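Asker: Chain by chain, the residues run as shown.
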Amino acid sequence: MNSLLLRIAARYLSWPLLVVSLWLLYRGHNLPGGGFIGGLLAASAFMLYELSGYGRPQRGFFSISPFFFMPVGLGVAVLSALPGLLGGAFMKGLWLPGFELPLLGKVHLGTPLLFDIGVYLTVIGFILLLADTLNDESS
Amino acid sequence: MIDLLVISPILVPLLTLIVCLIPRISAKTSDAISLTSAGVLLACVSWLLITVVSHGTLTLRAGGWAPPFGIVLVADTLSALMLWISAFVAFVVLIYGVRSGPDALSPGHLHVLIHGLIHGLMLGVNGSFLTGDLFNLYVWFEVMLISSFILMVREGHHSQLPGGLTYVLLNLLASALFLSGAGLIYGKLGTLNLADMAAKLGALQDPDLVNTSGALIFVAFAAKAALFPFHFWLPASYHRAAPAISALFAGLLTKVGVYALLRLFTLVFTPANGFSTTLILYLSMATMILGVLGAVAQYHIRRLLAFHIISQIGYMTAGLALGGELALTAVIFYVLHHIAVKSTLFLVGGVLEARTGSPDIRHHGGFYQSSPLLALCFLIPAFSLGGIPPLSGFWAKLNLLQAGIETGRWLFIATALIVGILTLFSMIKIWNESFWKAPASDHPRPATNTGGRPFLAMLSLCGLTLVFSLGGAFVFRLAQRAAGELADPSGYLDAVLKGGTL
Chain A
134 MNSLLLRIAA RYLSWPLLVV SLWLLYRGHN LPGGGFIGGL LAASAFMLYE LSGYGRPQRG
194 FFSISPFFFM PVGLGVAVLS ALPGLLGGAF MKGLWLPGFE LPLLGKVHLG TPLLFDIGVY
254 LTVIGFILLL ADTLNDESS
Chain B
12 MIDLLVISPI LVPLLTLIVC LIPRISAKTS DAISLTSAGV LLACVSWLLI TVVSHGTLTL
72 RAGGWAPPFG IVLVADTLSA LMLWISAFVA FVVLIYGVRS GPDALSPGHL HVLIHGLIHG
132 LMLGVNGSFL TGDLFNLYVW FEVMLISSFI LMVREGHHSQ LPGGLTYVLL NLLASALFLS
192 GAGLIYGKLG TLNLADMAAK LGALQDPDLV NTSGALIFVA FAAKAALFPF HFWLPASYHR
252 AAPAISALFA GLLTKVGVYA LLRLFTLVFT PANGFSTTLI LYLSMATMIL GVLGAVAQYH
312 IRRLLAFHII SQIGYMTAGL ALGGELALTA VIFYVLHHIA VKSTLFLVGG VLEARTGSPD
372 IRHHGGFYQS SPLLALCFLI PAFSLGGIPP LSGFWAKLNL LQAGIETGRW LFIATALIVG
432 ILTLFSMIKI WNESFWKAPA SDHPRPATNT GGRPFLAMLS LCGLTLVFSL GGAFVFRLAQ
492 RAAGELADPS GYLDAVLKGG TL
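Protein chains in written order, with the working numbering: chain A, 134 to 272; chain B, 12 to 513.
Since the hints were made in silico from the structure, they are not lab data. Every value quoted in this text rests on a predicted model; they were computed, and no experiment measured them. Please note: incorrect hints may appear among the correct ones.
[To be verified] DEER-style ranges, computed between Cβ atoms:
id, chain 1, residue 1, chain 2, residue 2, range
1, B, K39, A, R160, 56 to 62 Å
2, B, I13, A, W228, 23 to 29 Å
3, B, G75, A, W156, 46 to 52 Å
4, B, P401, A, D265, 15 to 21 Å
5, A, N268, B, G482, 28 to 34 Å
[To be verified] Looking from chain B toward chain A, a few residues come up when the C-beta cut is under 10 Å (computed):
id, residue
6, L22
7, L25
8, G74
9, L220
10, G368
Even glycine gets a Cβ: it sits at the ideal position worked out from N, Cα and C.
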């Protein structure tokens, strides 16, 4: 990876990609998108950042380990299933009352979104671990 | 609260798996977490079993979606019994396998991960027992298999990889066949909920559909249960895994396949819906004979035992093919008895290997004199497996033979009797070689101290076998109740489609 253009571009592309991935994550409940696709995009942001330097960054947001994402993601997904027990059934979707926000319009927050966030984090962790392992093997 | 109780066999291992993913947990902590979790799981499923026996079938509608649209978890007597015995075996195997055992589960950094995978395996096993949805069953099977793939080759030894590869390939092939069968029947019925499928097939009466998709799904689960001619992966792989892991596999994995066969072929692909069970009976008989002949020829202790699993699976599926409440009762009793017995034998095999440094029984010897307790731990399950009264294997075989006589399947009875004698013969072979004869002098033994934990594990499993033997009537009544629910699925259909009794 010795292309200067690519390295600089990659560094500046990572953050916008992350923002887009969050937007995909949020819109996924009723439109194409969701935790899985958002997670894939976020993982590619991480990998792009990694390619722009020399291997895994040591500091900053992009240095977070896959081993952080996976347990946290799975944990969030499981936790999102539990409030449903109070509302009648395991994994039942519970929603907060909707409210208006600029740019996003009418916002609905609830346990299904929490579940999607769990999927999002797990997918990031898994893809990063996969990429790291392949990277180790080849070098 | 009932919801939480029904989901707990899935939730407890899942949470443990997540905790085991947290980096930098010490081996000692992970041992403690893993054992505690297995204990909690055992308590939960005991409570579930008691509730199911006293209140009838429990159901949980995930997300509150009514069937056939949502996924339903169903705990009837059969599910609850299977959940209980697998939680018991997992707990005992963990007692055997935690660090101080003869077989520390894994060196260094992998230790935590191995614990996580064992709970991942339990997650898949428990999910398979609970689910009331065909596709969901596939998903749980995959959860179980992926954990078992890694556990089987965990050290990455050269010797483990060929067996592991066969195991992975055959299971992938079986999964593909399962999906084809499920796709066929889903295309026609438009539902994946087992109870809904059963109701629709009963009204449709389409034997062609039932036989084609039933045969595909049968082959898939036959491969996972190691039925002839799909059995070859089992003796190639099981003895390569660590003793504690292979005991867990020997007890649970093939029996999950048998459970799935029991569930699907008494509920969906039934003779009443036009499914023909004759082929199952003949394949079962071939399995019984080939398995035991393989065992008779072996000298590697756990490989010998692995061949026995195949032979015994034949008994169970033969009972399924015979059909009727008596045969199903016998099969369920057989499965329970076999899980307890086979796990004990694998653990004993592990201790023998650790003490002699060799898996070949010709290098063993003298353990009757040097360790009578170990000899006892072998004798009880071995005689039970051979069908010596009053041990549990005798009652299991007796009931199966009775069912055979009632349906007039004389060829099956002859096969069962001959295979029974050969089973006893190969158990006596291990007894003679490992316990009775003088220690093999040409084979030096490593100075290993196996400690007390393995004995605690083996003795509790022997205790369970004795409960099945002497308290046979009580266990038999439970099995009878489970078989009654299978033979007349109207209760299951009502519980799933109209809402549970609670």
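Asker: So, for every hint listed, does it hold in this structure?
Answerer: Hints, one by one, checked against the model:
no. : hint                        : in the structure
1   : K39/B - R160/A: 56 to 62 Å  : 46 Å, violated
2   : I13/B - W228/A: 23 to 29 Å  : 24 Å, holds
3   : G75/B - W156/A: 46 to 52 Å  : 29 Å, violated
4   : P401/B - D265/A: 15 to 21 Å : 58 Å, violated
5   : N268/A - G482/B: 28 to 34 Å : 58 Å, violated
6   : L22                         : 7 Å, holds
7   : L25                         : 6 Å, holds
8   : G74                         : 4 Å, holds
9   : L220                        : 32 Å, violated
10  : G368                        : 35 Å, violated
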